Amino acid sequence: MSPLKLIRQRNLPNFKKKKAGSAPGTVAHIGRKVLENMSINILDYDHEKITIEEIDKVIECKPFAASKAVTWVEVMGLHETDKLKTLWDDFGFHPLIQEDIVNTLQRPKIEDYGEQIFIVMKMLRIKDGEIQEEQVSLVLSSDYVFSFQETDEPFLDPIKTRLQVENSRIRKSGTDYLAYALMDAIIDYYFETLEEIGNKITEIEDEIFEKTKDSHLKEIHNLRRELINFRRSVWPLRDGINSLLRDESPLIEAETKLFIRDTFDHLFQVIEMIDNSREMLSGLYDMYMTDISNRMNEVMKVLTIIATIFIPLTFIAGIYGMNFANMPELNWKYGYPTVWVIMISLTFVMIIYFKRKKWL
Amino acid sequence: MSPLKLIRQRNLPNFKKKKAGSAPGTVAHIGRKVLENMSINILDYDHEKITIEEIDKVIECKPFAASKAVTWVEVMGLHETDKLKTLWDDFGFHPLIQEDIVNTLQRPKIEDYGEQIFIVMKMLRIKDGEIQEEQVSLVLSSDYVFSFQETDEPFLDPIKTRLQVENSRIRKSGTDYLAYALMDAIIDYYFETLEEIGNKITEIEDEIFEKTKDSHLKEIHNLRRELINFRRSVWPLRDGINSLLRDESPLIEAETKLFIRDTFDHLFQVIEMIDNSREMLSGLYDMYMTDISNRMNEVMKVLTIIATIFIPLTFIAGIYGMNFANMPELNWKYGYPTVWVIMISLTFVMIIYFKRKKWL
Amino acid sequence: MSPLKLIRQRNLPNFKKKKAGSAPGTVAHIGRKVLENMSINILDYDHEKITIEEIDKVIECKPFAASKAVTWVEVMGLHETDKLKTLWDDFGFHPLIQEDIVNTLQRPKIEDYGEQIFIVMKMLRIKDGEIQEEQVSLVLSSDYVFSFQETDEPFLDPIKTRLQVENSRIRKSGTDYLAYALMDAIIDYYFETLEEIGNKITEIEDEIFEKTKDSHLKEIHNLRRELINFRRSVWPLRDGINSLLRDESPLIEAETKLFIRDTFDHLFQVIEMIDNSREMLSGLYDMYMTDISNRMNEVMKVLTIIATIFIPLTFIAGIYGMNFANMPELNWKYGYPTVWVIMISLTFVMIIYFKRKKWL
Amino acid sequence: MSPLKLIRQRNLPNFKKKKAGSAPGTVAHIGRKVLENMSINILDYDHEKITIEEIDKVIECKPFAASKAVTWVEVMGLHETDKLKTLWDDFGFHPLIQEDIVNTLQRPKIEDYGEQIFIVMKMLRIKDGEIQEEQVSLVLSSDYVFSFQETDEPFLDPIKTRLQVENSRIRKSGTDYLAYALMDAIIDYYFETLEEIGNKITEIEDEIFEKTKDSHLKEIHNLRRELINFRRSVWPLRDGINSLLRDESPLIEAETKLFIRDTFDHLFQVIEMIDNSREMLSGLYDMYMTDISNRMNEVMKVLTIIATIFIPLTFIAGIYGMNFANMPELNWKYGYPTVWVIMISLTFVMIIYFKRKKWL
Amino acid sequence: MSPLKLIRQRNLPNFKKKKAGSAPGTVAHIGRKVLENMSINILDYDHEKITIEEIDKVIECKPFAASKAVTWVEVMGLHETDKLKTLWDDFGFHPLIQEDIVNTLQRPKIEDYGEQIFIVMKMLRIKDGEIQEEQVSLVLSSDYVFSFQETDEPFLDPIKTRLQVENSRIRKSGTDYLAYALMDAIIDYYFETLEEIGNKITEIEDEIFEKTKDSHLKEIHNLRRELINFRRSVWPLRDGINSLLRDESPLIEAETKLFIRDTFDHLFQVIEMIDNSREMLSGLYDMYMTDISNRMNEVMKVLTIIATIFIPLTFIAGIYGMNFANMPELNWKYGYPTVWVIMISLTFVMIIYFKRKKWL
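Going line by line, the protein sequences match chains E, Y, A, G and X. Sequential numbering from 51 applies to the first sequence in the numbering used here. Sequential numbering from 51 applies to the second sequence in the numbering used here. Sequential numbering from 51 applies to the third sequence in the numbering used here. Sequential numbering from 51 applies to the fourth sequence in the numbering used here. Sequential numbering from 51 applies to the fifth sequence in the numbering used here.
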């Protein structure tokens, strides 16, 4: 995983923001262009039958939504704003909803527009060792659920599979349960991503306990940034889901609220896992810094031991290297061996001293 | 205690999480497999008599629950999901309850499903010097209390003992009091575990005050992680118990609420003890870092003292080791002793200087 | 960008504050004098027609406000307090509003005075590589919106452009929508400014990963101060906008509240971006400090390697530089080469030792 | 003060906690045994007369409580649980109250049991230079106030003195005022203890500004722990007193609430003083660490100055100590003095360099 | 400014606190004695006329208060508690008010006693380069406002000046407006004091960017303490003013509440300025610490460069200082110059190496 690269790409201003002062409701795509063509899938079902169809023209989805069955319109690709605008105007989306769907830098949120509930979430998945962020918007009314995503990644396919099981709860329930199922699926991916991050942290920890490397610092720094970003993509949903539970929207049935409460719980678990990971990273950083200090200590000890032993010895040798005419020791028979004895004794004294200090 | 090992085992992804997008209410065991066979104990009692029985087939517990007496069904082992599913469907457990009981990575929580109250807690006990974490779920209705645990550890036995005392409060009370007694017993174990951790902290503190070792850093780091994990296993209960006290569930009597309030208080005490332990660990880490700095200082002082004393002396010896033809000092009668006097004086000056600086 | 300079200029006491104990409602300009002359623009519009006029005398704006059309009075320059006072008394501004408009050190706020709503915001734009702060006040009544700004910078021009589009929402709406549009425009500029700051942070990060320089510390320090200041200029609006949404002011229509809610969301996004930037700076500071420690380590290693290799060698050389009469080695035929062999072997041993320690 | 010792004694597990899973309401003394015999004082008073008596048998206090006068039963020593149990059953104490009075590890709290209000506080006093912690419980009903303390320390005597003043407010008021007076007296001791701690902090600060010692670190560490513990003994009362003020207990009169509000204020002042002391300790720790760094810097400077001056000089001396046959300088008449001149010049250059760097 | 000295004097226990357990309402002066004699000024005014008088006897102020006009009784000096007690009993002050006025260690607060509102604030002014703290209490009833201050500093004189302006709002309003004006005047002084502190911080910052001195650490430490103290003197007012705004006291008119809301806003601005200053100090401390590390780095580099260059050279010189009989190099004709060449080359290599490492 090279998180730095993608943070750059995601976080920063190769994304053009909306022009300051432009009218709200301006439908202009903001973000990366990732898909050449938009594609639209329709899933129209009740507890008896299900129709799955890919349509070409936007207008074709109108009859499905008008049917009594639950209709899920899955839109992939957000670049063809003209087509999208036609679609939305047909279905009477509020201008602010329109603006927010194509602005892929949106903060996650859940907003109640009376006839419609608008949900913005972030899909966060590890792909090719990198966290891919993608905005997923849901628009929920009593007849249909629209889902909008930037790419054509099939991450919502598990829901499609469940929809094909006859007599399953999802087939027997309404649009609110479908919306819940989609939200829950996205949150489930958060767990997978967080586990990958957790693995990475344990890996670094194991390595640091063995031998700190300079690269660890960068990895810790990058993971930290990843988690800051992750938290930002998840935290705001808290308020939104909470208000879904609290407010009396006619679009959400009481029974479904039990499930949404469960999702709320999952969300909290995700936030807790993020916070725990951040605390662990913080602990790792402390370990790293301590290790640096410890290594410095060791370096200094080696220097000090060598210098402390040899500098006095060199001094003694220097004494008897002097050229004074009158140095009686130089002519003593045992002068030279005596100096050796002194030197060796001194060395032993030093070594004992260092042993005492536990430097050796 | 080797906390690192168990954190690894517990925290990380040898645990398979639920597949993203799978239907809620899917009964699939998630976590470690720790028991080969499931065992079920029935305790059926009122203030007059008590029946304790181990049953083989799931179906056998039905008549007990139907009786007017309070029934406690103690289930140990969560692997045989088929058997469990039969049991649950018989008793009409909500699909979300079913899913959560076998998902042993559940966040602690207390949820009111109308006819039933569902409680998830974490058992945390020190065994063989390691913290053992285990999920305990309670399902409370007006007629019965189900308890589900992963292992066959008899940690709920003190409650069984109390149940055998005739005319005790627990025998005279209903299911709500039993559920309270079980929750309180689990929280009591938290205190024991925290005391063990507290002992470990004091031990490290004593050792650090005497002589810091490198291993202390790892121990501090690991205890820190333990406590992060501990807090996560306890903190969410706060909200749950609070809502039990606040909400008007017909399953909880007013008199029992007094006792639950006491449990709430114990929980806060546990959280406070965790936070205090964390602050103390943080203080220990500061101590450790300071000690490293102090030792570095000491090393540097030794080096500086030796170098500062001998480098000038060696220079003087070097001077008179030069071979200039014309060095009058070399031929002076007292040249050599004079140099010694100078050297010794210089050494004394240095030593006095260091004494002044309090380096010696 | 040289943020330090402007913080000095903005934050500190070349700004005269109001004299302690002076009466509230005292209209005295506080802050920098940036414009020689005040200029007033009138935009009077309904969905059918729009009149744009620059007026000379304050009195001339009276008839526009009296008309049934929406009137926007844009005042640039706050020094001519006499003129302003005349204007305000004519329109019945509360003394506290009057005092706050000219006190450019005001905290951002939104206050409801019954007939009027008073809004104080800070314009924050990067100009010539420096953040320019300017106070913008809005006074909203059912008939008019007054905007007051310190300079004649045309940052509200995008709104004027939108006003000239016939049948646009802004032309069809009342004063509340105009006030919303002005607030939203100002908040849009925050995003631009934050992106510039984000660019700067990424730039520093890239440089630090390559090679830390001393100047980075100053830059981090200054950006940190910038962000403290930025947050202070934005955070208080939160409460104000929230109370606009919550309170039942007759001046704000229900439909407009949807838009204001969107602005509220943008504001939160701004605050989050600020907090993220601060966390990133904090991470950068850690990186910087770690780098310093690492460099110290490297310096120490070089010293230790050199000293540890050469000090013992020099000692050996010193031994055989002694002048004892009786040193048999000196006269051995292979004495000199033997010493060389010993020295070179010792050097190899050292180098292997350092390799093992990974210092080389 | 040697806070470490007493933290050990107080905080840690020579205190046996209640056995996990034991029934609530089990009356078992938990904590240190500090008094051999229990003693009971009765103060029975109304505005006209006061009776003070020490009684031997528990049963003797019954008639006093039955009288119309206010009765304060002061119980010292909590070991004779049998006697206490008799007493409590007579007065109809709730089992949970009974359990909590003898559990001296209780968290401070105020609980309303309808007929009785139960208050647990911690007495914190400096005695023989150490903080003595002791649990004080109050049980307030409409007829009596019971106070329970672990030791026979007369710290509630000031209240007794006030009770003997005829026509004083306390004599004219009911049990609620007496309970207030006792609580307020205990909180007053907190101030004294905090002032002692404050003195200690200032003392350390003065010493650190003069000359840091290693012992300071331990003292800071210990005071920090003391304050963590202090806060824990005070903070929970906040909620309790607040609910006394808010709830409509018939035991507390409106007039007394004014006084309790004052106590609430004192409590906040205590918490603030604790927090300020902690911030100051944190500042002292920073000072200590900075001082260590500064001293290291100084040590390094001395080493560097000596080494930088003498190593080059020694090199020069080494040059002319070489034994090459052909070294013309050695035979120059002024060779030796020239070398001295070079050496002295070099030394001056170095000294000027260090002066410039402000190392000297 | 030498903040340390005054913190000592203010913060610490040369102030005698109230004796633990003494009765509430005990009128005993607590704090420094700063004025020999108490002086009392009366300002009695309505919109038509104003009487200003200094009175000698406490009793003389009675008739003024009885008049229908607004009466401001300004009391300076709090030592003559007997006189004060007479005064207060005359005006029916609650015992708790009496106790708090003379306890100059009071926490700021605003309390509603029905007929009277009691306000405690702290005056914080820089005088002779030091922050002077003084307690100011206000007692507001429908007929009069009492102000009590410790010294005879004329800091409330601006209000007197405004009172002499006929037809000013203050003259036309009641006691509530007067109390507001006094509070606002005191808060205005906070701004001045904070600006002085801000100047000091900028000054230190400029100096640190140029050249860190040891004294900076003390200054930062002291300013930090000053701000902790400042915050404590301001923060509690928040709640008080808020409850004034929220509660329906008959003493405060609706119109005045608008002004008090403004004061509330100022208070928040003060708190924000304090917090910003603290963050800046924290940044400065980081700068200081970084600078110390950087200087250490530089010292180490100098040492390493010198040692690394000269130690190998000295070794070479040592080689040819050996006295082996058989050292062919010594007798080579170009031996000596060759050694010089080698040495100089080595030096160049080293210098290039250091240049590469950017140490030079």
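Just so you know, these hints were derived from the structure itself, not from any lab. Treat the hints with caution; some may be incorrect.
Note that identical chains are pooled: a pair holds if it fits in a single copy or bridges any two copies.
[Stated by the list, open to error] Calculated cross-link-like contacts (lysine-lysine; reagent style BS3-like; alpha-carbon spacing at most 25 Å): (1) Lys99 x Lys210; (2) Lys268 x Lys222; (3) Lys107 x Lys210; (4) Lys261 x Lys351; (5) Lys351 x Lys112; (6) Lys307 x Lys135.
This structure is a prediction, so every number in the text was calculated from the model and none was measured.
Return the numbers of the hints above that this structure violates; sort them in rising order. 2 and 5
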